[in-house]
Amino acid sequence: MMKKRMMAAMLAGAMVLSMTACGNSGSTGNGGNTGAAAPAAETKADAGTDEQGSAPVAEEPTGPVELVVTTTFAGEDTNAQNYKDAVKAWEAKTGNSIVDTSASADETFKARVATDFETGSEPDVLFFFNGADSNSFIEAGKVVPIDEIREAYPEYASNMNDDLIPASLVDGKRYAVPANGIWEAMFVNTEVLEAAGVAMPGADYTMDQFKADCEKIKAAGYAPIAAALGNIPHYWWEFAIFNNQSPATHLEIPENAGDEIGQTWVAGMNDIKELYELGYFPENTLSATDDETFAMFTEGKAAFLLDGSWKVGGIVGACQSDPNDPATLDMEKLDKFDVTYVPGKGDRKATDLIGGLTSGYFITRKAWDDPARRAAAVNFVEYMTSDELVPKFAQHGASALKNAPEVDPSQFNILQIKAMDMMAGATSLTGVVQDIFAGDCRVSTFDGMPEIVTGRVAAEDAVAEGLEIYHNQ
Amino acid sequence: MGANIYRNKKPAFVFLLPAFLFMAVLLYYPFFKNILNSFMHLKQLGASATEFNTPWYSNYQEMLHDPNVWTSVKNTIIMMLVTLVGQVRIAIVLALMVDNISRGKQFFRTVFFFPIVISATALGLMFNLIFLYDKGMVNQLLEVLGKQKLTDWKAEGIALVTMMAPVMWQYVGFYFVILVTGLNNISDELYEAARIDGATALQRVRYISIPLLHNVICTCSILAVTGALKVFDLPWVMFPKGMPLKSTFLTGTYMYYQTMETKNVDYGAALAVLIVVLGVVLAKGVNAIFKEKDY
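First to last, the protein sequences are chains A and B. Residue numbers for the first sequence follow my numbering, so the first one is 1 and each next one is one higher. Residue numbers for the second sequence follow my numbering, so the first one is 1 and each next one is one higher.
Calculated from the structure, these hints are not laboratory results. Check each hint, because a few of them may be wrong.
[Unchecked claim] Stretch by stretch, here's where chain A covers chain B in the computed footprint (C-beta under 8 Å, at least three residues):
no. : stretch
1   : 45 to 59
2   : 153 to 163
3   : 241 to 247
4   : 253 to 264
What you are looking at is a predicted structure, and each value in this text was computed from that prediction instead of being measured. Quick reminder that beta carbons are idealized off the backbone N, C-alpha and C, glycines included.
Taking the hints into account, I'd like the entire structure generated from these sequences.
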């Protein structure tokens, strides 16, 4: 009898232990979101100097260390492969290993990162947006300021121009070491333009010219604008507002929909509504996903696509018979794509771009407080932001390097070179206001865009609702 | 001593304890915590709620005025009717037909059951391609048949049909297998006697199969109704954020949207409570309607 009881107790104990073990297994969900919050970064792609002086890298930790790293270098991101290669090289060099929990940048990803911090399961190193999206974990003191890291590692990020590292919206301190900047512009399928008899837009492109071109493209049987307003209206949202402002005022959040800045937001929403009513978006713009409208663009069924610098990789991938093999790139097809300025209006010239250094590498307090992982985390960030690697990631975008090397055009494909030419003509680079105006305050005008363009909700009401939530946050 | 071990129930409790603890920690605690959270101010997943909403029941007040709540409840009820009428009825017809064939029963069982084993997310992606606006499978077929203009199968008027068709298709096989098993339990002697008495095939179905399947059909109906409340992954993959114009929200997808997308976590918690209440009420209603009979 006693033997049976013992056996029963042991079995029960084993069950409990196995369940406990299951409960302990780490969760590494992935998500993704777009958007980064960045204060205005009046930067241009650094031309660089001849000097290659990399900053000294932190002393390499002894013994293998496992670091959990989360980045947005995943999916269609231009730098997804660069990141994988760099991680592999760092692992080989140091003997440490990386548990990579990267995912495409989207709202789900942002929610996952925020939740990880809230539940104490944050990564050791995080490449993330440095605007309002990082407010919650900065307020909670869960990441380490660059200045504090420099007290122990004086050379940390010393190869960066501090003036170009965006400060936190919470306390004005710098936390994230930037690797590469972003820009937003208008990609063009020149094959569609030719078929519709429309000339390639230039630096003085205006909204009125754009509408005239859209009319011709529509008449020729193509969709003028590839955009999924029911899914990703972000880029049109940003530029429509920008077009009613100027670079000097774009990053101001209105007090209410009725004030001067608020009225520019309302006007921006109504501009998108006008384009929708004119039939310039695809017929299924309210029910399509961003992937579908992007496919329309790459397959020559739509002419214009507003998107970011990361989309260069997506377009190049669409021109490869094997998206994972750069050797299969169809150069002739890629040459049919171009990138130019978003049509301007009022005080905003077409060459006034949106962009900046909106993301960077954070080191979390959790890793910092662990002596073994502290050194490895610092070493990893220094490696990823070294003078050698940053230009690889920055490509045609901006960087914060003090001594950026000269760009070698032979290393880039034709679309990247066109992007560099376009960036060379930029007259200003303004931060992304939706990165400051982040969280559920955006819902009424982002997710609510279909209701705005169909007239079910007045633009003024949608803007007012979002601003009320923003100011109550 | 030997017989005593059958009277002593204590070891059974020891074995039940781990499962009970598992349920208590992973189901009942979150359940009651969720009810509490629905009254609190909570805008971040994983964060601790520190204060009550003003008034504490404000989320429930908001629900009454939120048109998306009514849309999602309406769509969920439509989904239930579709599963009842579509899934269970089609499954009954298929089961009766397969039961009447002498060869290939196993083949059809496997074929009809197969969609169940495919992940709903994978099915969602597949049906996205089938209903794709720009040269998806359906639009290509229509083009071959002479239709000039592409049809947007996800447009506002037709989106619900496009969403429910794959859900219905996926689960027909599940009820089919249950019903076929039920049919196998009916004695062949009854059919034989009916045949001798001159009953036609339709009469045998009407007066033997259907009545004797009553309890199995009741079970399927309850499973279908309660299952419709839980449908989430396939609709979310095909119609994220209730696209288009928030017309395709189900209670589950709207709760997820509020919690994960808009970070309105406390409101999402209140919606979860609504789903539970709806589930309990409907399950009670269905149980009352589809009472099992003793034979």
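Status of each hint after checking the structure:
| no. | hint | verdict |
| --- | --- | --- |
| 1 | 45 to 59 | holds (count 3) |
| 2 | 153 to 163 | holds (count 4) |
| 3 | 241 to 247 | holds (count 5) |
| 4 | 253 to 264 | holds (count 5) |
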